[in-house]
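Chains as they are written, first to last, in our numbering: chain A, 1 to 158; chain B, 1 to 163.
Mixed in with the good hints, there may be bad ones.
Not the full set, but computed from the structure, chain B residues with beta-carbon under 7 angstroms of chain A [to be verified]: (1) 27; (2) 124; (3) 158.
Chain B is nowhere near these chain A residues, computed Cβ spacing over 10 angstroms in every case [stated by the list, open to error]: (4) 11; (5) 39; (6) 129; (7) 133.
Don't read these hints as lab results, they were simulated from the structure. Using N, Cα and C, we set each Cβ at its ideal position, and we do this for glycine too.
Chain residues, written in single-letter form:
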Amino acid sequence: MPLQQIWEWSYSSKTIDILRNVKYAIPLIQSFHLFGLTLVLGTTVVFNLRLLGLGLLKIAMPAIAKQLWRLAVGGLMLSIATGILVFIPDPARYVANTAFKTKLVILLAAILFHFTVFRKVIRANTPPPPRRAAGVAAVSLTLWFCVGWAGRAIAFLG
Amino acid sequence: MPILSWCHWLQNTPFATGIRQSDLLFPLIEGSHIMTLSLSVGLIVLFDLRLLRLAFAAEPVSKIMEQFVPLSLPGFAGMYVTGVLLFIAQAEKVYLNTLFRFKLALLVLAGLNALFYQVKFYPKMAEWDNRGVVPWGARISGALSLIIWACVIALGRTMAYEL
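Bound-form chain A, shown alone (with noise of 0.2 angstroms):
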């Protein structure tokens, strides 16, 4: 895939200059990018709790997953969307930045993490074993935070 040449066509593209030059485009683009941060972190942070029997012990494990996994999905989706409408305008910048590709590198891991191990342990009836809970809560909470913590650092990286 010509990576370089998509790269040179979204630069130029009459198209996205919209997303440019419009005033606020790309803050209002960034704060629904923020709105999908907030039900990923938070549903995160939501099934991590109750795995870890920190908090919302009297809801059932299964009836949280099948509750709040939409709205998951639905805030990693928009998360998604929105960060391609960042980075279109300005691809040479992102792709340059090292937070940009850790952050896409931690992304995957963690949409990989979050799709099966983690799934399957939050939609069990029979909660796992404390010491496994805790393993995975750990691996949850750290790969989407740092997806957070990558994706602000694109900002001071320069």
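Guided by the hints, dock chain B onto chain A, whose structure is given.
Chain B only, in chain A's frame:
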């Protein structure tokens, strides 16, 4: 304007200057301000969605409130502490920022909306919760909360572009 001169003094204190000029501290505080969205607004949103029957419809509202709302309090505490630190570091510019003033007004509105729920609907919650029907006023309060917090996030993100 006395407030402006106070902001000028505040941001030139060694404490404020220290935060503002630190390569590590400022991004860390700003990042924490955003990450605590998960524990504060993230949890309040779930309660609002229950009021609107969009999540946990099978569970009583009182149970969802009791389970989720106390957990959001440390989140809001972290949010306000980091927010105040960010303000101190750039007090003068932030004070003059129009979007910041809108954000502050909406935060007050969010507080009043929560207070309205506490005074008007919380005392009789057991009663309407047993009937399984959320009063219209409580639903409107939940919807308002969602809208206000979305606007607070958007204003917070956008005001940073004007600093």
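These are the hints, each one checked on the structure:
no., hint, in the structure
1, 27, "holds (5 angstroms)"
2, 124, "violated (22 angstroms)"
3, 158, "holds (4 angstroms)"
4, 11, "holds (21 angstroms)"
5, 39, "violated (7 angstroms)"
6, 129, "holds (24 angstroms)"
7, 133, "holds (18 angstroms)"
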